[in-house]
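Colleague: Listed below are the residues making up each chain.
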Amino acid sequence: MRLLVPMDDSEHANLALEYALDNYPEADITVLHVVGAPSMMMGEAVGLVFENDISDAAAKRAEPVFERANKIASERDQDINTTVGIGYPIRNILDRVEKYDTIVLGAHGEDWSRVTRRFLVGNVAETVSRRASIPVILVR
Amino acid sequence: MVGSLLAIGIIASIFVGFNIGGSSTGIAWGPPVGAGIVKKTTAAALMTFFVFLGGWTVGRNVMDTLSEGIITTDLTLTAGVAVLFFIGLGILIANIFGVPVPTSMTTVGAIAGLGLATGTLNYATIAEIVSWWIVTPIIGFWIGGVIGRYIYPEVNRRVQIEKSAGPLLALDRDGTIPKPTFGPNTTWAELGTTVVVLVIGCYMAFSAGASNVPNAAAPLVGGVGGLPDDTAIIIATLAIGFGGFTIARRTMESVGGELSDIPLLAALFVMVTASTITTLLSWIGIPISLVMATVMTIVGIGWGRATRPITFREAVTRDTGEPEIVPGAITAEEMEGKPAAPIGEEEPEEVLKAGDLFNPRAIMKYISMWIIGPSVSTVLAYGFFILIPGVA
Chain P
0 MRLLVPMDDS EHANLALEYA LDNYPEADIT VLHVVGAPSM MMGEAVGLVF ENDISDAAAK
60 RAEPVFERAN KIASERDQDI NTTVGIGYPI RNILDRVEKY DTIVLGAHGE DWSRVTRRFL
120 VGNVAETVSR RASIPVILVR
Chain D
0 MVGSLLAIGI IASIFVGFNI GGSSTGIAWG PPVGAGIVKK TTAAALMTFF VFLGGWTVGR
60 NVMDTLSEGI ITTDLTLTAG VAVLFFIGLG ILIANIFGVP VPTSMTTVGA IAGLGLATGT
120 LNYATIAEIV SWWIVTPIIG FWIGGVIGRY IYPEVNRRVQ IEKSAGPLLA LDRDGTIPKP
180 TFGPNTTWAE LGTTVVVLVI GCYMAFSAGA SNVPNAAAPL VGGVGGLPDD TAIIIATLAI
240 GFGGFTIARR TMESVGGELS DIPLLAALFV MVTASTITTL LSWIGIPISL VMATVMTIVG
300 IGWGRATRPI TFREAVTRDT GEPEIVPGAI TAEEMEGKPA APIGEEEPEE VLKAGDLFNP
360 RAIMKYISMW IIGPSVSTVL AYGFFILIPG VA
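Each protein sequence line maps, in turn, to chains P and D. For the first sequence, the tail end lands on 139 under numbering that gives the first Met the number 0, and the numbers increase by one without skipping. For the second sequence, the tail end lands on 391 under numbering that gives the first Met the number 0, and the numbers increase by one without skipping.
Hints may contain errors.
Here are some of the chain P residues that sit facing chain D, going by a computed Cβ distance under 8 Å [said to hold, decoys possible]:
#1 Pro37
#2 Met40
#3 Gly42
#4 Ala44
#5 Gly46
#6 Leu47
#7 Ser54
#8 Ala106
#9 Ile136
Under the rule of at most 20 Å between Cα atoms (straight-line distance), these lysine-lysine pairs were calculated in the PhoX-like manner [what the hints assert, rightly or not]:
#10 D/Lys352 - P/Lys59
#11 P/Lys98 - D/Lys352
#12 P/Lys70 - P/Lys59
Keep in mind that the hints were calculated from the coordinates and are not lab data. Cβ atoms here follow ideal geometry from the backbone N, Cα and C, with glycine treated the same way.
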C-alpha cells in the first residue's frame, strides 16, 4: 500500500503522519511538502524562481518539515520517503494521485487561523478530498 | 455641529492615514530594512518626509479627482466623513482577516456609491479610472516580465549588492574639523549601492504619498466647514508618519519579510517600476493602488525569470547537467562556479518546474480581491446613501 502524506508546518500535519504510521505500519509512506505557494506578495514563489538551482532551494526550504517528519517516523522505528513539490499545494497533491493508493491529510493546515489563504487559495484538505480520485483520510 | 462632525472626520482620517502608513512603509522600506541597509527609525523618518512631498505635489491631482471628479457636485463634509468610514471599514476588514483590501480602490468605490445613490456619478471619469485599473496590472506584469527575462540577468552579472560589517561612514576626528570618512569595511561600491537603495526607497515613499495621502485627506476637503487642502494633506501625512513609526515595525517584517525572499536587486527593480506606474497615474489624477502595482510587477518579474530563454552559451555549458529542457519551465541558471553533475550520478526523481509557481488560477484568486474590494465598497456606500439620504 502506498500512502501519500502531504505536510505543511501545522500541528495537524504531524497528526496525519502519526495516524498513517500507527495505522498502516506496513505501508510505503511518502511525505510531500510543497514550497512556494502563492501568497499576497508572491514573495516565496518569486524568491524560488530567482534561486540558481530551484530544486536545491526547494529542498532546503522543505528541510524543517522533513526533519520533523523523520523524527516522528524514527520514534516509531519506521521509514518514510520524502518528496518536495513547488507551487500550488492542491494542484501538486492532485497531480500525484496516480502513484498512490490513499492520501492521509491533516483536516486543516497552518492556514486554518488565517482567513486569507483559506478564503483565497481554498482549503487544501477540503478541495483534495472532493477532487482526488483515490480515497482521502482526513485526520482531526 | 459642523465642528464636531469635522472632529469625527479628522479622527477617521487619522485612523485611515495611520493604517496606510503601516502598510505602505512596509512595502517601501521592507526590502532595505530586511537587507540591513537602513534602520527602521530612519526608514520611518524618510517615509514621512517623502510621503509629504508626494502628497503635497502629485497627490493634489488625485485629490481633485476624488473630491470633485468622480461625482459632479463637490463632496460635502458629511458625505466625506461617511466615505472615510467606509475606507476605515475596508482597512478594518483587511487587518482582522488579513485579506488585502486596496485602499485607493475602496475609496473610489465608496465615492462612486455615493454618486450612484444621489445621481451625481460622473460616468466618464469612473470609466476612465476603471479602465486604468484594468490596464495597469497588465502593464506592470509586462514590464516586470521584460525585466525578469532580459534586463535582470544582464544587470545581475555586473552589479553586486553588498553590505559590509561595521558602520557605513565614520567621523574622522584627527583634523581640526571632523570630516566623514568610510567605515571600517566600506568600499565605494557599497556606498554607491546604499545610496541607490535609499533613493529608490524614497522614490517609493513619494509615490505612496502621491497615491495614498488623498485617500485620507480628500474626504475632509471642501464643502461647508471642510478643511483647506494644505491642512488636510498635513494631517494625512502626520497620520501616515505615525503609522510608519509604530505599526510599520511589524509590517516591515511581514510584508517586507515576504519581499525579502526576493533578491534585493530584483526587489529594487520592482520598487522602481511600481513607483513609476503609481506616480505617473497619480500625476494624471487616477487613484491607483501601490500594492497592486507592486504585486503585479513581482508576478511579472518572477514569470519573466521562470520563462527566461536559454542562451546558446549556457546551453552548451550545461548540457551535461540536466537531461531535458522542459518547455515553459525554468530553463536557465547562472553557472557561477556550479559544477555539472558527474555522469552516472543519480538524477533527482523529477525536475521541479518553475512554471508551476505561477498557477494562473491561484493568482486570479488574489487578483479577484482587487475587484471584490471596490465593488463591495460601492454597494455598501450606495445602500448607505440611499437609506440615509440626508447625509449626502
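Colleague: Return the numbers of the hints above that this structure violates; sort them in rising order.
Modeller: Result: hints 8 and 9 break, sorted rising.
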